[in-house]
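**Q** Going down the list, the sequences are from chains A and B.
Sequential numbering from 31 applies to the first sequence in the working numbering.
Sequential numbering from 520 applies to the second sequence in the working numbering.
Treat the hints loosely; a few may be bogus.
As the list claims (entries may be wrong) - These stretches of chain B come out as covered by chain A in the derived footprint (C-beta under 8 Å, 3 or more residues):
| hint | segment |
| --- | --- |
| 1 | 561-570 |
| 2 | 622-634 |
Unchecked claim - Heads up, simulated BS3-like pairs for lysine-lysine below, C-alpha to C-alpha not over 27 Å straight-line:
| hint | chain 1 | residue 1 | chain 2 | residue 2 |
| --- | --- | --- | --- | --- |
| 3 | B | K576 | B | K532 |
| 4 | A | K133 | B | K576 |
| 5 | A | K33 | A | K133 |
| 6 | B | K576 | A | K33 |
| 7 | A | K99 | A | K33 |
| 8 | A | K133 | A | K99 |
Bear in mind the hints are in silico, worked out from the structure with no lab data behind them.
Every residue, glycine too, gets a C-beta built ideally from N, C-alpha and C.
Chain by chain, the residues run as shown.
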Amino acid sequence: DAKTTQPNSMESNEEEPVHLPCNHSTISGTDYIHWYRQLPSQGPEYVIHGLTSNVNNRMASLAIAEDRKSSTLILHRATLRDAAVYYCILRRVSGNTPLVFGKGTRLSVIA
Amino acid sequence: KAGVTQTPRYLIKTRGQQVTLSCSPISGHRSVSWYQQTPGQGLQFLFEYFSETQRNKGNFPGRFSGRQFSNSRSEMNVSTLELGDSALYLCASSQLAGGSTDTQYFGPGTRLTVL
Chain A
31 DAKTTQPNSM ESNEEEPVHL PCNHSTISGT DYIHWYRQLP SQGPEYVIHG
81 LTSNVNNRMA SLAIAEDRKS STLILHRATL RDAAVYYCIL RRVSGNTPLV
131 FGKGTRLSVI A
Chain B
520 KAGVTQTPRY LIKTRGQQVT LSCSPISGHR SVSWYQQTPG QGLQFLFEYF
570 SETQRNKGNF PGRFSGRQFS NSRSEMNVST LELGDSALYL CASSQLAGGS
620 TDTQYFGPGT RLTVL
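Please take these sequences and the hints and turn them into a complete structure.
**A** Written as structure tokens, this is what we have:
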């Protein structure tokens, strides 16, 4: 499986934008980029996913580099509720592949 | 729609015992996956079931087993419990069996403590 690299931790002020980076230099052309997050004492929850183009939804935006070797999850205005561990995961198009979680980035939001 | 439910939420067992955890997926979802989360190893995939068939299995010993019923509910069993089995066991359901765009919805987990 292609691997992802994320910073261990990041900090943000409340109501500021947050850019969470993910490197995936060995990504293949058939890998989708998924982001999940895990709030304290909860199971992970889906945030967003994309293949090549930038994606937006009500939770976040996903910016994908042109060479697809990196991506950035953007939270436009961080709230205290966004404090969580964020996981960047690659999923192959073909086959039934489970989610392979790395260590993720622990985001702290300061009031 | 109700979310993924897992029972029990907390469980304390002793070494050598066995345990059964239950997961009810979101209505209409046919795929159920199980994950183990520990502070040391993080989130690790155990197995996935789709339409009562195991489709994928992670790298865990045979003491870990599971099954899925015709109503898509799933159970996982751990026999001969070891101290290292203490973990949060998470269940996730999805409409499809894997796939690159399939979203998984996780339950709150069952916290298992082995003494």
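**Q** If a hint holds in the structure, say so; if it does not, say that too.
**A** Now for the hints, and whether the structure bears them out:
no., hint, in the structure
1, 561-570, "holds (count 6)"
2, 622-634, "holds (count 7)"
3, B:K576 x B:K532, "25 Å, holds"
4, A:K133 x B:K576, "21 Å, holds"
5, A:K33 x A:K133, "11 Å, holds"
6, B:K576 x A:K33, "19 Å, holds"
7, A:K99 x A:K33, "11 Å, holds"
8, A:K133 x A:K99, "19 Å, holds"
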